[in-house]
Amino acid sequence: MLYCVELLPQETLTTANRLAAEAAGYFGESFTSLKHHAFYLLQFDPATSPEAAEKAAAQAAQYLLADPVAQTYRSGPVGSFFKTLASETTTALVLAANRPGVTDAEGESALQGYRVMAASGKFELPNLLLVRAASLYYLDLAPGTTPEKLGRFSRLYLINDLVQDCLVFGPGQIEASGLINFTESQFNFSQSKSPTVKTVAVRETSDADLEKISREGLLALNLAEMQAIQSYYRSEDRDPTDVELETLAQTWSEHCVHKTFKAKIAYTEYDRDGQLVKESQIDGLFKSLIAAPTYELKKDWIVSAFVDNAGIISFDDDYEVSFKVETHNHPSALEPFGGANTGLGGVIRDVMAVSAKPIASTDVFCFGEMKTPADKIPADVLPPTRIFQGVVDGVRDYGNKMGIPTVNGAILFDQGYLANPLVFCGTVGLAPKGKHPRNQQPGDRVIVIGGRTGRDGIHGATFSSIELGGDSQAAGSTTGQAASVVQIGNPIEEKKTLDLLLKARDRGLYTALTDCGAGGLSSAVGEMGAELGVRVELARVPLKYAGLEPWEIWVSEAQERMVLAVSPDKLAEFQELCQLEDVEATDLGEFTGDGWLTLLYNEETVGRLRMEFLHHGLPRRHMEARWQPPALRTAPRQLSQEPARLPQDYVNDLKNILADPNVASKEAVIRVYDHEVQGGTIMKPLVGIMNDGPGDAAIIKPLTNSNRGLVISNGINPRYGLLDPYHMAANAIDEAIRNAVAVGANLDRMALLDNFCWGNPAVPERLGELTRAVLACRDYALAFSLPYISGKDSLNNEFKDMATGNRVAIPGTLLISAFAVMDDVTKAVSMDLKEAGNLVYLVGKTKPELGGSYYAKYHGQFESEVPQVDAAAALKTFRGVHRAIQSGLVRSCHDLSEGGLAVAAAEMAFSGGLGVRFDLTHVPYSGPRNDRTNTSLLFSETPSRFLVEVEPENKAAFEKAVQGGTFAQIGQVIPEDEFTVTGLTTATVMRVRVSDLKKAWQTPLVEL
Amino acid sequence: MQQKKVRVLVLRAAGINCDAEMVTAWEKAGAEVDLKHINEIAGPQANTNLDDYSILGIPGGFSYGDNLGAGKLLANELIFRLKEPFSRFVESGRPVLGVCNGFQILAKTGVFGDMTLLPNESGKFECRWTSLQNTGSNSIFLRGIDQIYLPVAHGEGRVAFGDGAKAEVSLKYCDPDGNTQAAYPWNPNGSVSNAGGVSNASGTVIGMMPHPERFVSAWQHPNWTRQKTKEVEGAGLKFFKNAVDYAGREL
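Sequence order for the protein chains is A and B. Sequential numbering from 461 applies to the first sequence in the working numbering. Sequential numbering from 598 applies to the second sequence in the working numbering.
Fair warning: there could be bad hints in the mix.
PhoX-like cross-link-like pairs, simulated, lysine-lysine; straight-line CA separation at most 20 Å [unchecked claim]:
(1) A:Lys1336 to A:Lys1415
(2) A:Lys1287 to B:Lys825
(3) A:Lys495 to B:Lys838
(4) A:Lys722 to A:Lys895
(5) B:Lys633 to A:Lys963
(6) B:Lys602 to B:Lys625
(7) B:Lys825 to A:Lys1415
(8) A:Lys1126 to B:Lys838
(9) B:Lys633 to A:Lys582
(10) B:Lys838 to B:Lys601
(11) A:Lys1260 to A:Lys836
Selected chain B positions facing chain A (in silico; Cβ < 8 Å) [claimed, not checked]:
(12) Thr621
(13) Glu637
(14) Asn664
(15) Leu670
(16) Phe677
(17) Met712
(18) Leu715
(19) Tyr746
(20) Ala750
(21) Ala757
(22) Gly759
(23) Arg811
(24) Gly845
Rough simulated footprint, nothing fancy, chain A against chain B, three-plus residues with beta-carbon under 8 Å [said to hold, decoys possible]:
(25) 651-661
(26) 690-703
Hints are computed from structural coordinates only; laboratory data are not their basis. Every residue, glycine too, gets a C-beta built ideally from N, C-alpha and C.
Kindly produce the complete structure, drawing on both the sequences and the hints.
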């Protein structure tokens, strides 16, 4: 009993116009216009009379689906509806819908809305079983446009094949029967076959077959791990069930246990000539280089580092703050919207899982270059513009709907990310102290809340441990597994869950809490029951549709779910609260105290594993890491031999760097995120007189009755990593710190997060780069006395091009996120120049460091090192700048990073709507005399430097505050629209209108 | 002297996410505030009577994900689950403030007649500050407000009227000079007549896309670091104080 409703807008919407523009580009002159109509399929109870269904569909359209001011509608039974539509329509037609089984929030909402209407008693509405939302696109195309061409267009611009399906008809070629079959197939996805559990023979299996089992099942376990499983089952005297094998694969996945970061590493280092210079054994990158400094530093304000879902530090006497950054790279490569959407949704749940209210989010993206020509994009890889748009939309959708301000981030473009984009999402949370229980007891119930479980996201954890392209996607297309790893989020489900959890926390209704992320219930329940043991009835898990195998239920990564331990005496109160908040809660079983993981399906045991083996049976990896500095690609030039450059050359250099996509304004992206919701964003991502300058760090003031706040910043620069990952890491740390210091943070209560994205660590050279980066993480954490409280690694970011057989790894990338507690946020400063007549100081020493710089990007590599961080000098600078800001002596402050002094000064000037004049002869310099050139002083990217604006009457006080470090007054703020630099030989080396520089900087990232 | 505090009910439901700020704003304005889920007002778990309150605030967010159009599903709940108490509230002249999604919800209940909010002309969600001018309406929320600087953050804020509209445009987007013909970005969504806020005939109900509750403290202003003398409070607080004063005086 299928009916449909089509909404007819009275005007063409802008989104349709955007599509129309794409269509015009694609079809050329054969295209005239495009219309997009929302379309709903309503499945009524088979017992419903046609008259009742007809009337109900029309009432649903009138009172629920259509906007009475802006839309009309037509409705009817699918058969006659499509026959009429087919006979009346002369244009081409595309019917698009989510694939059966993919989350359809719009359809679910329509069903809810219908039930509200039905319950009101104002209508006589028959029972509606299911609603599916779809889209109709009418394209006015020249006759003869083939369905094949239209199909290609649809897959490029209208749908993503992995999660959506479409049916296309050329102009006037519409067949009603096709439309009817397509819509009926929307409702025929649940299989009613009875679930089965298979046993997999491993006890007598050869090594080759063990590897085959792993490969074909997408288990991502290596031989040693399969052998450990084999020997466990030999001792148990039986073979594993598929449920158990999947449980082990999820729990032991790189994604969940970080095998590389736990491995014993034999590290060797060579010089450029291939001579061995160093050899060492590293007892676990994580334990000995990331965690060790944190424990060594013994900060008493750390509440939780590394052990919970997010790192936690103390905020004030009553509150603590948490921070977690995650990546969602593989899913975003395949389905950018869904991947980024659920990436942010996942990290928000990490913060919810420490019983905190999310108060801010950050996002950092790395994409291929936007202008990549189509013939340079490998098959199976989405165009970077499409990935960019989808990822930004995905983060916007989830963040805005959750009501969490997205306050800080970065976007980088490099061809190394073409096939493997990186999507880092971070979330900060606030919770009352001591309110997050970790106290599950035998007898406590295992409760799952939130979204229902479906076949979405199966094998996400193991899939992320396999390279993209080639084998995995090919295997995926035959088994349907690569498609199923893609998930679509439903942020409102998560928002409801959040509302519920905060109430349940305040009433003390649970004893432990975690989220369902990678590995789904298997990871969440498995971890919560690691000490006690747990028994779960899988048949009780609420499903989106029937037909899931027990192992699928157990490992599905369906979104928006959390698992709680609830004491039996609190269960009724908890369930009542769930009902009020419209959150589904289901009792799956109990924590036992027997040390076993016991899985039942309809009371029959389908899995039984010792927790000890599940969590400690994984053999430790031994890996090889090798580092040798990259050979220089061309003979390096020397700074001192650079030909004389004219003022106009420098102006062009500066404009080029300002317009470089990595430096240029990200305003178009920042504005689609709600960065003001919750009302606490007191230092916004865009600052300055026109609210369009690039702020250094965000500040959140989370409590209305306190001026205490939280500074959030990040540092990332993969360009340096191409030369030396050690210094890349040091610079990322320095950048995160100096961004925070620039707005007024101090180092005394600052913590760091480390997120590594790398290629395949089984390649010794890749692991060598990674190891070098981690070594710097240890050295600089200790030097700056800053602990890590959380981190994550995403490895295997590689792509195998099937056409060429080439493997491409991303540039090794480290994101450092910093967050710091600021006692009084009203002392904060922004980076925009404030007033003509003020003095401009440069704090910190400049060295001739152009290696990996943006100047070098446009002029070729110079014979100068990648910038290096002098931690002792940096600390003096950081403390001095902080003292000055704290004393109210600073009107604006901006750190020097990409493009060095020239870019920083330009950004401060155009953000403040003022001019600036400065003299390079005053710039404090350290390095060979010959390398002290206008170029190196303007564009060197030496870290740990700031430009600071000071009022003339505060000159002496400011200089006293920054004493101990290196500083000099280099210029002043002027009222004119002018940017003037005096060079070393006193000639004017640059003179340009500030407004022209601003125009260059505001170059759009994507030209549509 | 006021003996009893004015009681405000702030409504929430799945996807409402500006409720905490709105509660803060009403509290700063001197009201006693209850934040209630729709299931606490209607249905089997109801424990709250709309009649006990003098002011109703409907905050922003994405109620029910804005599926089926911004605000539509929660508007239908007001129509189908709370019809009588809600109509009684409005007709008795008690102030109702709908901000952002709250405005979309109010519009879709039909309280402003044939009026709706369409997707922004830019086709994009927009978060930015803009200025608004009081058109000189009788809205009880706008007393003493001439021009005001407030943030907007929405994707469906373009006001459109049908033939049977029962709304007065009481706030118009304008540039800093007060020009109410100013185009994008001052009019961030392409609203007809630069409409940023509309009121009912009696001036007791207002729906507005900008967020006054996000500017109740000086530190929320985007340019506070440029100002040498800081304001004591955010200008948006005036909306809340006006309503609380009115309710305390007239009801």
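Are Ala750 (chain B) and chain A close enough, Cβ to Cβ, to be under 8 Å, as the hint says?
-> holds (4 Å)
Restraint outcome when Arg811 (chain B) is required to lie within 8 Å of chain A by C-beta distance | Hint holds; Arg811 (chain B) Cβ to chain A Cβ min 5 Å, cut 8 Å.
For the hint on Gly845 (chain B), just tell me whether its beta-carbon gets within less than 8 Å of chain A.
-> violated (23 Å)
When you check the alpha-carbon spacing of Lys1260 (chain A) and Lys836 (chain A), does it fall within 20 Å?
-> Within the cut-off at roughly 15 Å; holds.
Within the region 651-661 of chain B, is the number of residues with a Cβ closer than 8 Å to a Cβ of chain A three or more?
-> Check passed, 4 qualifying residues.
Would the hint on Tyr746 (chain B) stand, with a C-beta cut-off of 8 Å toward chain A?
-> This hint is violated: Tyr746 (chain B) lies away from chain A, its Cβ roughly 11 Å from the closest one there, beyond 8 Å.
Satisfaction of hint between Lys895 (chain A) and Lys722 (chain A), Cα-Cα up to 20 Å | violated (31 Å)
Given hint Lys825 (chain B) paired with Lys1287 (chain A) - CA-CA distance at most 20 Å = holds (12 Å)
Starting from Lys602 (chain B), check that the Cα of Lys625 (chain B) is at most 20 Å away, please.
-> Given that 20 Å is the threshold and the Cα spacing comes to 12 Å, the pair holds.
Any CB of chain A closer than 8 Å to the CB of Leu670 (chain B)?
-> Leu670 (chain B) check passes; min Cβ-Cβ to chain A is 5 Å, inside 8 Å.
Given Ala757 (chain B) was flagged as interface, is its beta-carbon under 8 Å from a beta-carbon of chain A?
-> holds (6 Å)
Residue hint Gly759 (chain B), partner chain A, criterion CB-CB below 8 Å = holds (4 Å)
In this structure, the hints that do not hold are numbers 3, 4, 8, 9, 19, 24, 26, in rising order.
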